[in-house]
Amino acid sequence: MQFLSYLVRGISLGSVYALIALGYTMVYGIAKMLNFAHGDVIMVGGYMVFFTFCKNQVPPVLAVLFAMCVCTLLGITIEKIAYKPLRGAPKLAVLITAIGVSYFLQNSAMLLWKSDPKSFTSIVSFDGVTLFDGNLQISGETIVTILVSVVIMIALMLFVKKTKPGRAMQAVSEDRGAALLMGINVNGVISMTFAIGSALAAIAGALLLSSYPTLTPTTGAMPGIKAFVAAVFGGIGSLPGAFIGGILLGVIENLSKAYISTQLADAIVFLVLIIVLLVKPTGLLGKKTTVKV
Amino acid sequence: MEKKGKMKKTTKTTLTTFGFVAVFWAVIEILTVSGHLSSKLNGLLIPVCAYMIMAISLNLVVGFLGELSLGHAAFMSAGAFAGIFFYTTAGAELPVYVSVPVSFLIGGLAAGILGVIVGVPVLRLSGDYLAIVTLASGEILKNVLCALYIGKDSEGIHMSLKDQFSLGMAPDGKMLMKGAMGITGIKKFANFSVGVVLIVITLIFVLNLMNSRAGRAITAIRDDEIAARAAGLDLTRYKMIAFVSAAVFAGFAGVLYALNYSALVADKFDYNLSINVLVMVVLGGMGNILGGMIAAIILTILPELLRGFSQYRMFIYSIVLIVMMLFNQAPAFVSWRQRLMARIRPKAAGKQDGKEEQ
Amino acid sequence: MKKVLSVVLTGALAASFVMSACAAETIKIGGIGPTTGPAAIYGSNVKNAMEIAVEEVNAEGGDIQFELEFEDDQHDPEVSVNAYNHLKDWGMQILGGTVTTNPCLAVGAEAVSDNMLLLTPSASSQDVIDTGDNIFQVCFTDPNQGIASADYISNQELGTKIGVIYNSSDPYSTGILSNFLAEAAEVGLDVLDPQAFTDDNSTDLTTQVQACKDGGADLIFLPIYYTPASQILKAADDMNYDVKFFGVDGMDGILSLEGFDTSLAEGVMLLTPFVATATDDATVAFVKAYADKTGGDIPNQFAADGYDVVKALYKACTEAGVTEDMSPSDICEALKEVMTSDDFSYDGLTGSDMTWDASGAVSKAPHGLIIENGEYQPMD
Chain A
1 MQFLSYLVRG ISLGSVYALI ALGYTMVYGI AKMLNFAHGD VIMVGGYMVF FTFCKNQVPP
61 VLAVLFAMCV CTLLGITIEK IAYKPLRGAP KLAVLITAIG VSYFLQNSAM LLWKSDPKSF
121 TSIVSFDGVT LFDGNLQISG ETIVTILVSV VIMIALMLFV KKTKPGRAMQ AVSEDRGAAL
181 LMGINVNGVI SMTFAIGSAL AAIAGALLLS SYPTLTPTTG AMPGIKAFVA AVFGGIGSLP
241 GAFIGGILLG VIENLSKAYI STQLADAIVF LVLIIVLLVK PTGLLGKKTT VKV
Chain B
1 MEKKGKMKKT TKTTLTTFGF VAVFWAVIEI LTVSGHLSSK LNGLLIPVCA YMIMAISLNL
61 VVGFLGELSL GHAAFMSAGA FAGIFFYTTA GAELPVYVSV PVSFLIGGLA AGILGVIVGV
121 PVLRLSGDYL AIVTLASGEI LKNVLCALYI GKDSEGIHMS LKDQFSLGMA PDGKMLMKGA
181 MGITGIKKFA NFSVGVVLIV ITLIFVLNLM NSRAGRAITA IRDDEIAARA AGLDLTRYKM
241 IAFVSAAVFA GFAGVLYALN YSALVADKFD YNLSINVLVM VVLGGMGNIL GGMIAAIILT
301 ILPELLRGFS QYRMFIYSIV LIVMMLFNQA PAFVSWRQRL MARIRPKAAG KQDGKEEQ
Chain C
1 MKKVLSVVLT GALAASFVMS ACAAETIKIG GIGPTTGPAA IYGSNVKNAM EIAVEEVNAE
61 GGDIQFELEF EDDQHDPEVS VNAYNHLKDW GMQILGGTVT TNPCLAVGAE AVSDNMLLLT
121 PSASSQDVID TGDNIFQVCF TDPNQGIASA DYISNQELGT KIGVIYNSSD PYSTGILSNF
181 LAEAAEVGLD VLDPQAFTDD NSTDLTTQVQ ACKDGGADLI FLPIYYTPAS QILKAADDMN
241 YDVKFFGVDG MDGILSLEGF DTSLAEGVML LTPFVATATD DATVAFVKAY ADKTGGDIPN
301 QFAADGYDVV KALYKACTEA GVTEDMSPSD ICEALKEVMT SDDFSYDGLT GSDMTWDASG
361 AVSKAPHGLI IENGEYQPMD
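Chains as they are written, first to last, in our numbering: chain A, 1 to 293; chain B, 1 to 358; chain C, 1 to 380.
It is worth saying that the hints were derived from the structure and are not from the lab. One should not assume that every hint holds.
[As the list claims (entries may be wrong)] Listed next, with one range per pair, are the computed distances between beta-carbon atoms:
#1 L62/A to G91/C: 52 to 62 Å
#2 P101/B to Q2/A: 48 to 58 Å
#3 G185/B to M379/C: 46 to 56 Å
#4 P378/C to D153/B: 34 to 44 Å
#5 P331/B to D214/C: 52 to 62 Å
#6 L62/A to G308/B: 35 to 45 Å
#7 R343/B to T163/A: 47 to 57 Å
#8 G127/B to Q2/A: 37 to 47 Å
[Claimed, not checked] Chain C is faced by these chain B residues, among others (derived, beta-carbon under 8 Å):
#9 F20
#10 S38
#11 P47
#12 D163
#13 I316
#14 I319
Cβ atoms here follow ideal geometry from the backbone N, Cα and C, with glycine treated the same way.
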């Protein structure tokens with residue numbers, strides 16, 4: 001029973017990682033860049049929900065919608081100003097700029113909203129379920145987060161496979177040059193990807209903070225890195241991979257805390273990642289690519 | 001010696017690079033002797049030297065081997081902790097002219113060993129997967145060092161990965177390493193000349209490597225891995241040469257850095273530091289050693305120059321970083337710059353072109 | 001109108017003459033702490049409080065005036081040393097910092113070689129004052145807190161099985177922990193295996209709480225700051241775990257955490273020298289001044305320590321007769337003598353009758369407090 005409750009805590013943490021990783025992996029799949037600022041967009045989303053829902057009792061759904069709008073605008077603006085001019089530049093240049101954007105968002109948040117932590121009120125009002133005479137609890141936040149992650153994952157997969165803009169995204173992801181020749185508006189597709197990714201970040205922020213309520217300007221940084229790891233774990237660019245990677249990462253992290261060492265939990269998580277990548281160099285569900293000469 | 005202008009390109013690069021170090025050294029010495037060196041600048045000299053070495057060595061991996069490493073700080077950390085551990089224990093009884101060089105050797109060796117351990121699995125991967133594994137290795141090392149307690153008492157050495165209390169030390173015991181607090185009470189040694197000597201050694205090694213058979217093999221791998229393999233190059237061997245040498249020099253940089261402070265903490269060497277060094281390399285132009293060194297100086301001094309802005313300091317730094325990247329790397333800006341150069345100095349612009357393609 | 005203006009101007013001019021005739025000595029005080037980065041909350045609190053204290057000192061118009069410059073160190077020893085050198089170039093004569101422990105160890109060594117007096121508000125490790133005899137603390141040392149907590153829990157028989165959750169990447173937390181464990185073994189407390197988290201791994205603390213619950217702990221000792229503590233309280237509540245909590249001075253601030261449901265903190269006990277809700281005149285005035293300055297923020301114990309740094313320095317400087325043309329080293333010698341003398345004591349926000357011994361450690365009494373009805377009440 002103890003094992004089960006640790007497992008549930010792991011899944012609960014993992015579902016948050018999964019939700020963030022979905023945004024990461026989608027942007028990577030299309031724009032082929034590691035958007036290090038993704039975690040900080042989550043933080044901005046968190047603050048938006050905090051100011052609307054937690055401080056001013058705006059209904060949670062409206063608050064999250066508002067945060068999604070703000071983050072979408074933010075994502076598109078960042079893409080236009082900082083990433084778009086670098087299209088065609090070395091990949092690393094974009095990575096470094098993304099890091100600059102991450103610093104920028106963190107420091108702006110600190111100037112705007114100060115560095116003192118805020119305690120977030122959960123947007124989930126439903127209590128969760130208790131099983132086995134109260135021995136096993138699954139919180140409402142966990143259930144909602146898992147459901148939302150699954151819904152988003154499926155919606156994104158359908159969107160990519162079935163709709164016209166989705167197929168355009170796929171084309172851009174496969175071969176940007178060829179997509180351009182086929183008359184696809186590559187810049188538009190990439191902007192759209194960032195818009196969707198940032199909107200997802202807002203949802204992720206709201207749910208991350210509902211489960212783990214401390215909100216500071218650096219709140220997004222570490223979950224962002226962990227989600228990045230989760231995305232790679234599952235095979236970066238693959239949506240189901242990101243979901244599975246996130247859940248697994250959370251489970252490994254919490255089980256190693258419970259049974260091996262609380263201090264070395266991060267080391268263990270990263271070690272498992274390295275081992276997985278050695279066995280499967282493109283992650284769990286990553287596509288094998290053969291390089292053509 | 002050939003005439004100016006007809007000089008071989010590599011020779012010219014070597015000369016300008018060493019020339020730059022000489023000028024850098026001379027300027028600082030003149031400032032020191034004439035008493036114009038402020039405490040702030042003086043305090044920055046050693047970190048600047050250490051970061052220059054970091055940038056040069058990371059350039060081996062990122063610029064010449066063409067692999068993205070997000071864990072270079074780990075090697076600096078390994079070097080710093082191994083070197084300083086020796087320096088504060090066994091080395092404490094030796095005269096400095098013995099203990100310091102030995103500390104450097106131990107630091108370099110430790111970083112090199114870590115380089116091999118990380119390199120063997122890592123170099124089988126590529127691209128972003130390699131990046132994440134280097135990042136992971138760095139975080140693992142940081143996490144373990146943060147939890148490592150070592151103490152010594154009359155019964156010998158005690159070690160624990162939990163906390164100080166579980167060492168079960170006798171009351172006469174002395175802590176050598178205190179987890180998150182790291183190693184404290186280091187007798188500061190580093191001085192600027194040591195830093196410059198170390199930079200020169202690093203440059204001699206790296207430039208020689210680049211102009212050697214191995215160096216050409218490494219760049220061949222970067223430019224086309226499949227062709228390089230088809231040509232019969234032992235990919236793993238050359239990749240390891242680049243990766244492990246970079247690690248060794250990062251280890252030296254770590255020892256130099258750590259000798260400049262009385263306390264050494266593992267937290268310092270996190271992925272943020274790796275990324276900062278990466279920024280230096282990218283900003284200086286990948287594969288451009290001189291550029292990397294200049295970027296290291298600028299990026300280390302810049303946050304200090306921004307102190308006048310008080311709480312807006314890091315905010316402005318982030319904007320400067322983004323703008324510098326856009327200006328240096330955005331295709332539109334690059335061609336605009338070249339056009340501008342062409343208008344001012346037609347010849348210079350031509351050369352600039354050549355350099356970018358190098 | 002013109003007339004009024006000219007009278008005012010003449011008055012001001014005259015006043016300025018009078019002021020300069022007094023020849024107040026302006027001493028340059030430096031401060032260092034993180035005002036950006038993840039630890040920014042601690043540095044900003046100290047910075048604001050030191051500024052308030054300096055304004056008060058200067059408004060008194062005594063013989064000594066302070067000029068303060070506070071520099072950011074991002075909680076990084078390297079940047080902290082840079083900040084120190086920057087302040088030296090500015091002409092700093094006394095250092096009131098640094099705020100966090102690891103940077104303070106690095107800066108401490110510099111201060112020792114310059115013989116600059118260093119009075120840290122909150123770098124609480126024993127190693128900080130061991131660095132040199134010119135280094136003094138306003139806060140308790142970690143051993144002090146760890147031992148006091150174990151004794152208190154044992155004397156009051158607060159728990160039979162003690163769980164511990166601490167931050168293994170924070171010297172403050174590990175320092176208190178190891179002394180707590182040693183003392184607990186001494187007095188025979190039954191302590192479970194301590195549960196750790198790190199700064200990088202502080203998102204989810206539920207597993208640690210669960211482990212305490214499974215181990216059967218009826219009291220959890222939290223040698224950590226209030227932010228992770230708030231998460232732990234919520235996690236315990238979520239899993240219907242009825243347990244007592246015992247904190248240290250880092251716990252102060254939990255009641256003023258924005259958005260936090262203070263009912264979760266009911267019954268939390270802590271040993272602390274300062275609480276913002278105390279009703280003595282000095283605290284009330286300080287909390288008001290702090291809120292006025294920051295637009296409604298509530299100071300935490302770091303702020304109170306920072307305030308005491310300036311005020312204690314002011315008192316010591318006055319008694320030592322420090323003048324602005326003295327070198328940092330001379331000031332240091334003079335202040336050292338005054339501060340460690342038997343008849344020097346200082347009444348501040350974080351304790352009355354504070355005295356310092358030659359080691360640099362402060363002697364003051366912590367209060368045992370318990371949170372009842374959302375307020376701190378003295379615990380007896």
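How the hints compare with the structure:
Evaluation of the 52 to 62 Å hint for L62/A and G91/C yields a pass: the beta carbon distance comes to about 55 Å. Evaluation of the 48 to 58 Å hint for P101/B and Q2/A yields a pass: the beta carbon distance comes to about 54 Å. Range check, G185/B to M379/C: about 38 Å between beta-carbon atoms, so the 46 to 56 Å window is missed. The given range of 34 to 44 Å is respected by P378/C and D153/B, whose C-beta atoms sit roughly 42 Å from each other.
A beta carbon spacing of about 59 Å between P331/B and D214/C agrees with the range 52 to 62 Å that was offered as a hint. Taken as a hint, the range 35 to 45 Å holds for the pair L62/A and G308/B, whose Cβ atoms sit roughly 43 Å apart. Between R343/B and T163/A the CB atoms are about 49 Å apart, so this pair conforms to the stated range of 47 to 57 Å. A beta carbon spacing of about 41 Å between G127/B and Q2/A agrees with the range 37 to 47 Å that was offered as a hint.
Because the smallest distance between the Cβ of F20/B and any Cβ of chain C comes to about 24 Å, over 8 Å, the interface hint for this residue is violated. A cut of 8 Å between beta carbons decides the hint on S38/B: the least distance to chain C is about 5 Å, and the hint holds. For P47/B, the interface hint holds, since its Cβ comes within 8 Å of a Cβ in chain C; the closest pair sits about 6 Å apart. Interface restraint check: D163/B against chain C, minimum CB-CB distance 6 Å, threshold 8 Å, status holds.
Taken as an interface hint, I316/B does not check out: its beta carbon lies about 11 Å from the nearest beta carbon of chain C, beyond 8 Å. Given hint, I319/B at the interface with chain C, is violated; its Cβ is 14 Å from that chain's nearest Cβ, farther than 8 Å.
The structure fails to meet hints 3, 9, 13, 14 from the earlier list, while all remaining hints are met.
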